[in-house]
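So the sequences go chain by chain: A and B. Just so you know, we're using the working numbering here: the first sequence kicks off at 70 and counts up by one. Just so you know, we're using the working numbering here: the second sequence kicks off at 27 and counts up by one.
Treat the hints loosely; a few may be bogus.
[Claimed, not checked] Straight-line C-alpha distance at most 30 Å; calculated DSS-like pairs for lysine-lysine:
id, chain 1, residue 1, chain 2, residue 2
1, B, 101, A, 315
2, A, 80, B, 134
3, A, 82, B, 134
4, B, 141, A, 755
5, B, 67, A, 567
6, B, 67, A, 391
7, A, 732, B, 75
8, B, 134, A, 637
9, A, 351, A, 340
10, A, 712, B, 58
11, B, 75, A, 301
12, B, 134, A, 267
13, B, 132, A, 724
14, B, 132, A, 297
15, A, 391, B, 75
16, B, 141, A, 315
17, A, 119, B, 101
18, A, 116, B, 128
19, A, 297, B, 127
20, B, 123, A, 297
21, B, 127, A, 122
22, A, 80, B, 75
23, B, 128, A, 301
24, A, 391, B, 128
25, A, 315, A, 379
26, B, 58, A, 297
27, A, 736, B, 128
28, B, 134, A, 297
29, A, 596, A, 607
30, A, 182, B, 134
31, B, 127, A, 736
32, A, 301, B, 132
33, B, 67, A, 122
[Claimed, not checked] Between beta-carbon pairs, the in silico distance windows are:
id, chain 1, residue 1, chain 2, residue 2, range
34, A, 91, B, 63, 40 to 50 Å
35, B, 80, A, 756, 31 to 41 Å
36, B, 72, A, 486, 19 to 29 Å
37, A, 756, B, 134, 40 to 50 Å
38, B, 91, A, 684, 28 to 38 Å
39, B, 80, A, 116, 47 to 57 Å
40, A, 756, B, 91, 52 to 62 Å
Since the hints were made in silico from the structure, they are not lab data. Glycine included, every Cβ here is placed at the ideal spot set by N, Cα and C.
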Amino acid sequence: MAYEISEYYQKHKGESQWQDGEYTCTRTTMWTGPGCHNGCGVVYYTKNGKVEKVEGDPYNPFNLGKLCMRCLNYVEAASSPERLKWPLKRVGERGENKWERISWDEAYDLIVKEVRRIQSKYGPESIVAMEGTGRNVIWQVPYLCYAGFGSPNFTLGFLSGESCSMPRLVTEAVIQGDFSFGDYSAHFPDRYDNPTWKVPGVILIWGQNAIISNPDSSLGHWIVECMKRGSKLIVVDPMLTWLAAKADYWLQVRPGTDAALAMAMNDVIIKEDLYDHDFVEKWTVGFDEFAERVATMPAERAAEITWVPKDIIEGAARLFAKADGAATTWGVSVDMAVAGVSAAHAITGLWSITGNLDKPGGQSIIQYAYDLGMAYDYGLEILSEEVKAKRIGNELPLKQTGYGATAHSDTLLKQIENGGNPYPIKMFWFQSTNPIANMGAEAPRIYKAIKSTEFNVVVDLFMTPTAVACADLVLPCAMSSERWSNRNWWMPLAGIRKVAEYEEAKSDEQLILELGKRLNPEMFPWKDDKEWNDWIIKEQGSKAGITYDQLNDMIYSYDHFEYYRYEKGLLRRDGLPGFNTLSGKVELKIGLFESWGLDPLPWYQEPPESPYSTPELFKKYPLILTTGHRSWEFFHSEHRQLKLNREFHPDPLIKINPETAAKYGIKEGDWVWVENYRGRFKQKVKFEELHPLVVNAEHGWWFPEMEGAEPTLFGVFDSNSNNLTTMCQNGPTGYGAPYKNQLCKIYKVTEENSKILPSEQVTKLGGFNYVYK
Amino acid sequence: MSTNNERYGLLIDYDFCTGCHTCETACKVEHKLTHGQWGIKLSQDGPRKLENGRYEFTYVPIPTSLCDLCEDLVKAGKFPTCVAHCQADVMSYGLVKDLAKKMAAKPKMVLFAPK
Numbered sequence: 070m071a072y073e074i075s076e077y078y079q080k081h082k083g084e085s086q087w088q089d090g091e092y093t094c095t096r097t098t099m100w101t102g103p104g105c106h107n108g109c110g111v112v113y114y115t116k117n118g119k120v121e122k123v124e125g126d127p128y129n130p131f132n133l134g135k136l137c138m139r140c141l142n143y144v145e146a147a148s149s150p151e152r153l154k155w156p157l158k159r160v161g162e163r164g165e166n167k168w169e170r171i172s173w174d175e176a177y178d179l180i181v182k183e184v185r186r187i188q189s190k191y192g193p194e195s196i197v198a199m200e201g202t203g204r205n206v207i208w209q210v211p212y213l214c215y216a217g218f219g220s221p222n223f224t225l226g227f228l229s230g231e232s233c234s235m236p237r238l239v240t241e242a243v244i245q246g247d248f249s250f251g252d253y254s255a256h257f258p259d260r261y262d263n264p265t266w267k268v269p270g271v272i273l274i275w276g277q278n279a280i281i282s283n284p285d286s287s288l289g290h291w292i293v294e295c296m297k298r299g300s301k302l303i304v305v306d307p308m309l310t311w312l313a314a315k316a317d318y319w320l321q322v323r324p325g326t327d328a329a330l331a332m333a334m335n336d337v338i339i340k341e342d343l344y345d346h347d348f349v350e351k352w353t354v355g356f357d358e359f360a361e362r363v364a365t366m367p368a369e370r371a372a373e374i375t376w377v378p379k380d381i382i383e384g385a386a387r388l389f390a391k392a393d394g395a396a397t398t399w400g401v402s403v404d405m406a407v408a409g410v411s412a413a414h415a416i417t418g419l420w421s422i423t424g425n426l427d428k429p430g431g432q433s434i435i436q437y438a439y440d441l442g443m444a445y446d447y448g449l450e451i452l453s454e455e456v457k458a459k460r461i462g463n464e465l466p467l468k469q470t471g472y473g474a475t476a477h478s479d480t481l482l483k484q485i486e487n488g489g490n491p492y493p494i495k496m497f498w499f500q501s502t503n504p505i506a507n508m509g510a511e512a513p514r515i516y517k518a519i520k521s522t523e524f525n526v527v528v529d530l531f532m533t534p535t536a537v538a539c540a541d542l543v544l545p546c547a548m549s550s551e552r553w554s555n556r557n558w559w560m561p562l563a564g565i566r567k568v569a570e571y572e573e574a575k576s577d578e579q580l581i582l583e584l585g586k587r588l589n590p591e592m593f594p595w596k597d598d599k600e601w602n603d604w605i606i607k608e609q610g611s612k613a614g615i616t617y618d619q620l621n622d623m624i625y626s627y628d629h630f631e632y633y634r635y636e637k638g639l640l641r642r643d644g645l646p647g648f649n650t651l652s653g654k655v656e657l658k659i660g661l662f663e664s665w666g667l668d669p670l671p672w673y674q675e676p677p678e679s680p681y682s683t684p685e686l687f688k689k690y691p692l693i694l695t696t697g698h699r700s701w702e703f704f705h706s707e708h709r710q711l712k713l714n715r716e717f718h719p720d721p722l723i724k725i726n727p728e729t730a731a732k733y734g735i736k737e738g739d740w741v742w743v744e745n746y747r748g749r750f751k752q753k754v755k756f757e758e759l760h761p762l763v764v765n766a767e768h769g770w771w772f773p774e775m776e777g778a779e780p781t782l783f784g785v786f787d788s789n790s791n792n793l794t795t796m797c798q799n800g801p802t803g804y805g806a807p808y809k810n811q812l813c814k815i816y817k818v819t820e821e822n823s824k825i826l827p828s829e830q831v832t833k834l835g836g837f838n839y840v841y842k
Numbered sequence: 027m028s029t030n031n032e033r034y035g036l037l038i039d040y041d042f043c044t045g046c047h048t049c050e051t052a053c054k055v056e057h058k059l060t061h062g063q064w065g066i067k068l069s070q071d072g073p074r075k076l077e078n079g080r081y082e083f084t085y086v087p088i089p090t091s092l093c094d095l096c097e098d099l100v101k102a103g104k105f106p107t108c109v110a111h112c113q114a115d116v117m118s119y120g121l122v123k124d125l126a127k128k129m130a131a132k133p134k135m136v137l138f139a140p141k
């Protein structure tokens, strides 16, 4: 083990549960909610059915005993008096925040009645179920949607262009057949000590402050361990992060131009003959066409587009190509542009042409442990072809062919706005999603849409702005320590053990199961959530050969992993060598895209609004707005109730270059309005090393301490960067949207210009005064 | 008062401290410190461009007068909570004399002996 372990934990090695004085200690996995995408090992100290303390589990290879501030402050979250305690039914109008307590039976009866009514009057497809980020509801909510409601319309909380992971994952799937992640030894229980692992010579961090962000596959601090062991860094980020400051090359890219940058880096590597000839010849197709295409983006041209100097592009490309093992970690910034899929294509090209795929210290091909990967398509096969074809956005070829099970959010919004053509949307089921505070681009437009339906249910931990705005029924959800669950994404396969209870809150599994039994009992045969988990581990993950109880006792289980599987015939179903693509090779020219009439090679397109694509607009709004940078304290719109987290981070922050601030007469700590023609929001100024023309605003802000009822609505629109972003501007695949590359202007907040706040403007005065394009 | 040979301290490798606030939070939670009270506090230098074109961007957590080196946890055979949870694994706890030896082997280390 790479880390020191205290005497206390050495004494309790191998135990999943023990007694420590008046506490019961349980080793298990913390996932969500609240939380993040990772599944760190924890030890819960419980007394009388309550968690009183959380420690990191030093024997869990994933986090090796380390925890971040959100898990360390878990007790405040779980015992918060503001948590939802029992089902609440709306009394009064939507938006008034008036509720009455009802029983779970009454709640289920009401849902069943409404679902039956909507199913028979409009068809089951009129029901849309959604969740926020794909965390510990990644398979449960889709299953409820397909098996419970009978609707194909499971979707993510109005995520425009599915621009979180989906563009990257889909691109990887069509190019190399599997997902891949930077190799920080994650797949080995002995981690950095594993003899087959090698520290990456260089780590390319693209569009992500990885130590703060929580990718699905890795903990950012693994990169720090690699830095200690000698890894160099290349960081692509508009802002100087701590990682960027430690990098050999910091590429201060203009937001939304990643595709151009990645194409140019490929071009440098190919022109200077730094690519891996052997790998390219044996294991890729379309290299010549790919080379020809990236040659249209020489470093000089990319420098003009991206604002990254030519010598830095070239230097970074050379360092990447010459490294003994190059690992890449990338973030949603890659997805959040209309050219998101193309950026992902070109970045995939970087590790492919340099032969870094599936090799130690390079890009690890990841498959689910024991093939147990429950995701958005769980239960989809239950639906008839006829119903499946009604999925919103089904005309997109990637959807039709099974790359991405979700309904398309932008098309959904249009369908609501066009009065319900081809069919009306009558019910929303929101489970762990708060779209008007966080995920939905163009929040005021989403607000209108979610209010338009006949019946809405919100399942969450706390009363949220989305719930107050539109819910008819609000159901309390259990937190991570209060649920029987499992984590089957990538490695390891892990148990999540219930050690506590909170009032009448139910786990996602439990409430979906109980409701499912009432809606469609045949498809919900399991007795309870534990039995459902047991079925999943035994049936879906049969390769592991264990029961759910055994998994909980083992805490986690690592599947066998080895490198160079493409050479050994271990990646394809047919057992032949190669990659899991149609051609069996890495498709630098994407065959499937070609057959669908999409450009099979990487391309660059300016963001729809930018200094170059809309110069007139740029005169009026002379700054580029990027948003969505993560903070240590919060995960998206979560954690704002917690006093400790708010002590560290009381206000929403907009990061600005001091020069730019001076130009507008703004000091650090001033509140500023950020505005474009779609609307405005206010945040507090913090100075950072950013390009003078770029400002970086936080996302996910609402204020649980403020009045919940409209027009205040917890101040959800006051500081909301999504007042300025836009829906329905996607790339040609339907994926990718310009969340992080809008134009704006800033000016100081004064009493005079703050008489009407955005929340009142949106909820009471009909929204900002502009017409949707 | 213990003699110098028995004194314990915290060795911090500030080359790799990422400023994640874990030590501060772990301490506040363990000692139930109220708003505005800290047992260890992060300080920040930079980011600042240096003449050689590189950047100075350094965090150092500093134990305050409230730091008792997690006496109770140590008695129970554990590490101080900041050390146990430090995400970048840059903190060590031990006898000052042992830590000083480790310190001699690597630059950008700082040794605190708060009590």
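* **Holds or violated: residue 128 of chain B to residue 301 of chain A, with C-alpha atoms at most 30 Å apart** => holds (24 Å)
* Holds or violated: residue 116 of chain A to residue 128 of chain B, with C-alpha atoms at most 30 Å apart -> Given that 30 Å is the threshold and the Cα spacing comes to 40 Å, the pair is violated.
* Taking 30 Å as the top limit, are the C-alpha atoms of residue 58 of chain B and residue 297 of chain A close enough? -> violated (33 Å)
* Restraint check for residue 712 of chain A with residue 58 of chain B, where alpha carbons must lie at most 30 Å apart -> OK: residue 712 of chain A and residue 58 of chain B at ~13 Å, within 30 Å.
* To do: Compare the distance between the alpha carbons of residue 301 of chain A and residue 132 of chain B with 30 Å, and conclude whether the hinted pair is satisfied.
  => holds (18 Å)
* To do: For the pair supplied as a hint, residue 127 of chain B and residue 122 of chain A, confirm whether the alpha-carbon distance does not exceed 30 Å.
  => Violated, at roughly 34 Å.
* Asked: Within a Cα-Cα threshold of 30 Å, do residue 141 of chain B and residue 315 of chain A meet the stated pairing?
  -> Distance of about 33 Å is beyond 30 Å: violated.
* Verify the proposed pairing of residue 119 of chain A with residue 101 of chain B, using a straight-line Cα cut of 30 Å. => Satisfied, since the Cα-Cα distance of roughly 25 Å is no more than 30 Å.
* Range agreement (Cβ of residue 91 of chain B with Cβ of residue 756 of chain A, hint 52 to 62 Å) -> Distance hint for residue 756 of chain A, residue 91 of chain B is violated at roughly 31 Å.
* Asked: Hey, residue 134 of chain B versus residue 297 of chain A, does the alpha-carbon distance stay inside 30 Å?
  -> Holds, at about 12 Å.
* To do: For the range 47 to 57 Å, tell me whether the beta carbons of residue 80 of chain B and residue 116 of chain A fit it or not.
  => The hinted range 47 to 57 Å holds for residue 80 of chain B and residue 116 of chain A, with Cβ atoms some 51 Å apart.
* Asked: Falls inside 40 to 50 Å, the C-beta gap from residue 91 of chain A to residue 63 of chain B?
  -> Since residue 91 of chain A and residue 63 of chain B have Cβ atoms about 26 Å apart, the given range 40 to 50 Å is violated.
Of the hints listed earlier, those the structure fails to meet are numbers 1, 2, 3, 4, 5, 6, 8, 13, 16, 18, 21, 22, 24, 26, 27, 30, 31, 34, 35, 36, 37, 38, 40, in rising order.
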